[in-house]
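The whole structure should be built from the sequences, with the hints applied where relevant.
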Amino acid sequence: MTCAELEPLLMPYELGASTPAERDACETHLAACPACLAAFLSLKRVREDAAAFDERPSPVVRDRLRARVAARSRRRPVLWAAAAAALIAAALALKVLLQPPPPAPPSSLIDSAPPSEDLL
Amino acid sequence: MTPPTDEQLYERARRGDVAAFDQLYARWERRLFGFVLRLLHDRSSAEEVFHDAFIEVLEGPRLSFAQASFSAWLFRVARNACANRLRSNARKSAALQLWPAAEPSPTPEQSLTESERASRLAESVRRLPHALAELFHLRASGLSYEEISTVLGVPLGTVKSRLHTLVHQLKGDLP
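Quick note, the sequences are listed as chains A and B, same order.
Heads up: the first sequence is residues 386 to 505, going by this note's numbering.
Heads up: the second sequence is residues 935 to 1109, going by this note's numbering.
Hints are not guaranteed to be accurate.
[Stated by the list, open to error] Partial list, computed: chain A residues near chain B (C-beta under 10 angstroms): (1) 393; (2) 402; (3) 428; (4) 445; (5) 451; (6) 453; (7) 467; (8) 468.
The set of hints was computed from the structure by calculation and includes no laboratory data.
Values in this document were obtained by computation on a predicted structure and should not be read as measured data.
We put the beta carbon where it would ideally sit given N, CA and C, even for glycine.
So, in structure tokens, the structure goes:
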């Protein structure tokens, strides 16, 4: 493959859009041709520059996010305690609800007891 | 010792581990911010979206990594936030409409030096339509085809097809 034939393949190669055959051809040629390798590295630099990866958000953004993460750490024990308290309360409520009612006095005694003389 | 994966750092950061968050943030700060900034063209809006994307992944519903990586989720959340932002303000039309006319092409006699060629390519990238610019920056961020497919919510075949369109367009801008 000549340098002129390789040139149109460099962009797809750099962006990962080559076919396997084109990729092999690029790699073979670039390994043996310093001029094309320089052109390829230049293209790569341009792509990286265009992506603007040297820009960062303000440090304030990171500080705010860090504070939120740290707050999660502090909140967790509180959340666990609240969850445990809620669980205990629910268990107690369930126990009360499921508890059998106290035994009533035998109905025969109530019905058959004669009215007290004192009340009459 | 192998460094922790993004997914491991994410789990630790969600539990309040600030050191894990620092590592995760350092890995993705520039790439995610560069991506968001290039979509929104406004630093202040980009910082808000960037911040909100991190909050969403750290405090929102737990992410599942069965189908997609942490970075794919992070970029997906940021990308959707950018889309909402563009929809909700007047910049949408600026971002989606045609870019300013290209500089006149040099005559065949003009041979471009390497730096001229580089600046023309950078300019071509700046003029890409929104969908292709988005794809360019995702690819430049190091995301795989599969991750880009997750971020954009389109099939893998569509990603490959758009990538070929992108390559064709960028090549067309160069002599």
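Evaluation of the provided hints:
Residue-level restraint check for residue 393 of chain A holds (minimum Cβ-Cβ distance to chain B is 7 angstroms; threshold 10 angstroms). Here the hint on residue 402 of chain A is kept, as its CB sits about 5 angstroms from the closest CB of chain B, short of 10 angstroms. Interface hint at residue 428 of chain A: satisfied, since its Cβ lies 7 angstroms from the closest Cβ of chain B, which is below the 10 angstroms cut-off. A hinted interface residue such as residue 445 of chain A counts as satisfied when its beta carbon comes closer than 10 angstroms to some beta carbon of chain B; here the least separation is about 8 angstroms, so the hint holds.
At a threshold of 10 angstroms, the smallest CB-CB gap from residue 451 of chain A to chain B is about 6 angstroms, leaving the interface hint in force. Residue-level restraint check for residue 453 of chain A holds (minimum Cβ-Cβ distance to chain B is 7 angstroms; threshold 10 angstroms). Given the 10 angstroms rule on beta carbons, the hint for residue 467 of chain A is violated: about 16 angstroms separates it from the nearest Cβ of chain B. Taking 10 angstroms as the C-beta cut-off, the interface hint given for residue 468 of chain A is violated, the closest approach to chain B being about 15 angstroms.
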